[in-house]
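Work out the full structure: start from the sequences and follow the hints.
Each protein sequence line maps, in turn, to chains A and B.
Per the working numbering, the first sequence runs over residues 1 to 106.
Per the working numbering, the second sequence runs over residues 1 to 516.
The set of hints was computed from the structure by calculation and includes no laboratory data.
Even for Gly, the Cβ is constructed at its ideal location relative to N, Cα and C.
Treat the hints loosely; a few may be bogus.
[What the hints assert, rightly or not] Okay, the calculated beta carbon distance ranges per label pair:
| id | chain 1 | residue 1 | chain 2 | residue 2 | range |
| --- | --- | --- | --- | --- | --- |
| 1 | B | 450 | A | 40 | 46 to 52 Å |
| 2 | A | 103 | B | 337 | 20 to 26 Å |
| 3 | B | 288 | A | 24 | 33 to 39 Å |
[Said to hold, decoys possible] Where chain B lies over chain A, by a calculated footprint (3+ residues, C-beta under 8 Å):
| id | region |
| --- | --- |
| 4 | 33–41 |
| 5 | 55–67 |
| 6 | 92–104 |
[Unchecked claim] Take a look, some chain B residues computed to stay more than 12 Å from chain A by CB distance:
| id | residue |
| --- | --- |
| 7 | 105 |
| 8 | 226 |
| 9 | 274 |
Residue strings, one per chain:
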Amino acid sequence: MIYKKYSFDSEAQAIGLINALGTFEEEGKVYPSHIHTVVKLGFLTTNVADEDNPPIFSDKYSVDVLWRGLEVDEEENAIFPEGWQEYEVTGLSNYKHNFFGLTYEE
Amino acid sequence: MDSLLKKASIIITPTAHNVGSINAIKPIQTIGVELGDDSTITNAGNAVMTKISNLNYNATSDGTQTSSIRPRLGFNNTIVGSKYKISIKATNKSGTILFKLFNGSSYVISGNDLSSDIDFIFTAQSTSTVNFNFDGREVFNVDLEISLKQIINADLDFERATSGSVVGTAQREKADGVLEQVAENVPRIDYTGGVAHWLIEPQSRNLITYSEDFLNSNWQHNSALNITANATTSPNGAINATRVEYSGSGSRLGVDIALTSGNSYTLSFYAKNNGGTANLNVRVDGQSLPLQPYTITDDFERYEFTFTATATATSEIRLFTSTTGIDAFIWGAQLEELSYATSYIPTSAQTVTREKDSFGLNTTLDTSLIDSTEGTFYVEMAALDDNQINRIVSLSEGNNNNTIRVRFEESVSNKIRIDIKTQSGQSSIYSTTSYDILNFSKIGVRFKTNDCACFVNGTELTASSGGSTGDTYPANTLTKIESSRGGGSLPFEGKIKCIAVFKEGLTDAELTCLTT
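This is the structure in structure tokens:
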């Protein structure tokens, strides 16, 4: 299981990659068929808002993923689904989301 | 009903569990691969065993041998402590046969004449070779067909990659009512309501940061409100509940959250009166929503408020507003983008996600546990919410081909639906809306050639399509139990008290009794 954070240029771009992980249709509805845990964080605030300071939202669409069962290459590095790696966020000094009981580490 | 459940080949109830597994109270035991053809023969003189083909041997002796344990066939691949089933069929017998089985430490069969077939279960001991042998001092001849297979204990694999909270405890012997945090991949036994059940929840995120730290600047309040951290014992048993107190008017406590128009949200928090006003109101600022009143008591209770956002905006979610004479303890605030509250997810500086719970059998059931051509599937389950989405527990082939699905169905309130779906195209559908799905329902499904039936809470359902006649499942196709439709999709969310599988199709009278 690998915990990664991503920042996309748009919501549509994120949704496109998430759907590409796998879906199936049953009785007219589309459901995910992959085993990864995806959290759509959306456009996060970049300031501390209060009554006098309205929130300012990032123009980036954030997504956190717990990857499961990824294949590995010859050097045992995980092979991520196509298109994701270029949007991975690194070098975070602080972040806005976590998973219950897990600690995010780059 | 208890005696009926004793007939089940698999019973899963909220009792035995471990990290990563939900265990059956009747151990699920499946049979492993054939090990009988990986063996070593040891002969002596004219006491000779000969391999004829993979699992077929001949043993013979002219009685001139002095050893009582030759000829011998030792198995090469047994594991100390593991359980095995050995099967031996003897034909073309003559003379005096004295067969012995050695488990690596002692003889567990001795002096058997192989007059009837052997089906024997034993545990490999010590490190010596597990073997069977004959008394070479006797004159005999016999042809043997042998089989040795490991008996594998199987459980339901349980997964939740994150921690989770549960009322009661993860420890099976306790039901103390305290909200406890359990580690990742530990199944949750929930004692809410006094009777234990497995808690299977969807993924959810607490959108409120500093969910227990109401002194944090994240929380906005009137300046006169006195906020005292760690003032009393909270629902998780620690002294970390916060006191909020002000005798005057205008007290409020809230947090800014970005909401999306049209989405459902549920606010939940724990509160307990400390001698102040009991009647409070939740308010969602910036949304066209009425105040939502609630009354706190002298005990900690969890208060839950579901609303649909009417505007895409950052709104102050106020746990109480415009209050006069407040003196109360609060703890554990949570806002989820769901139509109901799930178990508490504590937060600090970040929003936090709890992953969904899921389970599935970690092996394949075999005919010793279920004959797919006939049987009964029983589930006692309740929904967490009547939110009209598909939530399925299945007995299947591990995919969408041959499957029995027991589900709370989408789009219709309080709908329980059962599908008996076979790869050959037969699909019988039974459904009912007669029951409150938030209460536990007992659902029994009989599958048998031309004799399928479905009972819910003691009442037989009429099929809306298909019916009792038609195709049944091919042998060895119903091999998986999963908290999904088969193959992992359409995951179950809810509470489960029991899952059972019977090798036989229970009668109508038995199903009525079982589900009543």
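Outcome of the hint check:
Judged by the Cβ atoms, the range 46 to 52 Å given for residue 450(B) and residue 40(A) holds: they are separated by roughly 49 Å. Hint check: residue 103(A) to residue 337(B), Cβ distance near 24 Å, so the stated range 20 to 26 Å holds. Remark: the range hint 33 to 39 Å for residue 288(B) to residue 24(A) is upheld by a beta-carbon distance near 37 Å. Coverage of the region 33–41 of chain A by chain B holds. Counting CB-CB distances below 8 Å, 5 residues qualify, and the rule asks for three or more.
Here's how the region 55–67 of chain A fares: 4 of its residues keep a CB closer than 8 Å to some CB of chain B, so the rule of at least three is met and the hint holds. Evaluation of the coverage hint for the region 92–104 of chain A: fulfilled, as 9 residues show C-beta separations to chain B shorter than 8 Å, against a requirement of three. Annotated as non-interface, residue 105(B) keeps its C-beta farther than 12 Å from every C-beta of chain A; the closest such distance is 41 Å. Here residue 226(B) stays apart from chain A, with its beta-carbon at least about 20 Å from theirs, past the 12 Å limit.
Its beta-carbon lying about 27 Å from the closest one in chain A, residue 274(B) satisfies the requirement of being farther than 12 Å from that chain.
Comparing the model with each numbered hint stated earlier shows that all of them hold.
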